[in-house]
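Using the sequences and the hints given, assemble the complete structure.
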Amino acid sequence: MELWPGAWTVLLLLFLLLLFLLPALWFCSPSAKYFFKMAFYNGWILFLAVLAIPVCAVRGRNVENMKILRLMLLHIKYLYGIRVEVRGAHHFPPSQPYVVVSNHQSSLDLLGMMEVLPSRCVPIAKRELLWAGSAGLACWLAGVIFIDRKRTGDAINVMSEVAQTLLTQDVRVWVFPEGTRNHNGSMLPFKRGAFHLAVQAQVPIVPIVMSSYQDFYCKKERRFTSGRCQVRVLPPVPTEGLTPDDVPALADRVRHSMLTVFREISTDGRGGGDYLKKPGGVGEARL
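Take 1 as the starting number for the sequence shown in UniProt numbering and just add one per residue.
The hints are simulated quantities; they were obtained by calculation from the structure and are not laboratory data.
Please note: incorrect hints may appear among the correct ones.
Pair ranges (Cβ atoms, derived) [said to hold, decoys possible]:
| id | residue 1 | residue 2 | range |
| --- | --- | --- | --- |
| 1 | Asn62 | Gln202 | 17 to 27 Å |
| 2 | Asn157 | Phe36 | 12 to 22 Å |
| 3 | Asn157 | Arg61 | 12 to 22 Å |
| 4 | Asp245 | Ser134 | 38 to 48 Å |
| 5 | Asn157 | Asp246 | 15 to 25 Å |
| 6 | Gly60 | Gly133 | 31 to 41 Å |
| 7 | Ser160 | Ser95 | 16 to 26 Å |
Straight-line C-alpha distance at most 30 Å; calculated DSS-like pairs for lysine-lysine [stated by the list, open to error]:
| id | residue 1 | residue 2 |
| --- | --- | --- |
| 8 | Lys37 | Lys220 |
| 9 | Lys126 | Lys219 |
| 10 | Lys77 | Lys219 |
| 11 | Lys219 | Lys33 |
| 12 | Lys67 | Lys220 |
| 13 | Lys67 | Lys37 |
Bear in mind that the values here come from a model prediction, so they are computed numbers and not experimental data.
Each residue gets a CB set at the ideal place from its N, CA and C atoms; glycine is no exception.
Below you can see the structure in the form of structure tokens.
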């Protein structure tokens with residue numbers, strides 16, 4: 001029985017120690033601040049997903065639920081002091097399906113995506129996201145399209161179904177053609193699935209470029225401060241009359257235009273760009 005007062009004392013001391021250490025780490029260690037911010041970012045999204053699930057469940061799985069997720073996520077940029085500036089939104093085709101292609105830098109892309117996401121547009125995401133707890137269920141209810149990138153045959157079948165959905169249900173899809181996050185402040189070679197999809201459905205491609213996050217976010221340096229990001233919507237690229245044989249040239253052309261804009265908006269004072277002083281970051285399109 002005499003151990004209980006001692007145990008409570010130890011717990012109290014540990015609590016007071018944490019209460020002192022956490023603010024000290026926040027103000028004295030940029031790396032600790034980075035981890036705190038990323039932990040809260042992911043945790044807050046999971047919590048918001050819990051709130052969104054019962055609201056979205058009223059409709060069931062429906063692309064209109066993406067409006068609910070967007071509404072609940074728009075405020076996050078203010079929590080982190082990130083100003084998102086959108087230009088070229090008038091380039092979105094007003095009343096037809098299309099395929100959005102965007103560069104992919106980190107999970108923070110969600111902030112830019114929610115800022116500019118057009119009506120009835122859902123992302124194509126890797127299947128692993130489906131099992132990400134409340135976020136996976138919320139995404140499923142919002143009509144997010146999941147593909148298993150490790151099983152090429154299944155991915156091709158899903159893309160064929162998506163092509164039909166684009167035309168019959170007036171849906172737009174958002175694809176990251178780099179295929180994975182690129183933390184190096186550059187743009188990876190493009191995979192061609194999004195372009196095959198657009199050609200198969202004969203719908204336009206709308207390129208979207210998000211400026212480099214290097215002035216306020218760097219995973220390698222464990223740095224996460226406030227800053228500005230510019231999101232540029234480029235004119236749609238038509239695919240009418242194109243065939244699968246035209247896809248490689250189409251992907252190269254779209255990537256070149258996006259990379260040109262990426263360099264421009266990442267060095268104009270609205271999106272960091274010290275990386276441009278370093279070699280690398282440019283490659284050839286691939287399958």
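Please list, smallest to largest, the hint numbers that this structure does not respect.
2, 6 and 12
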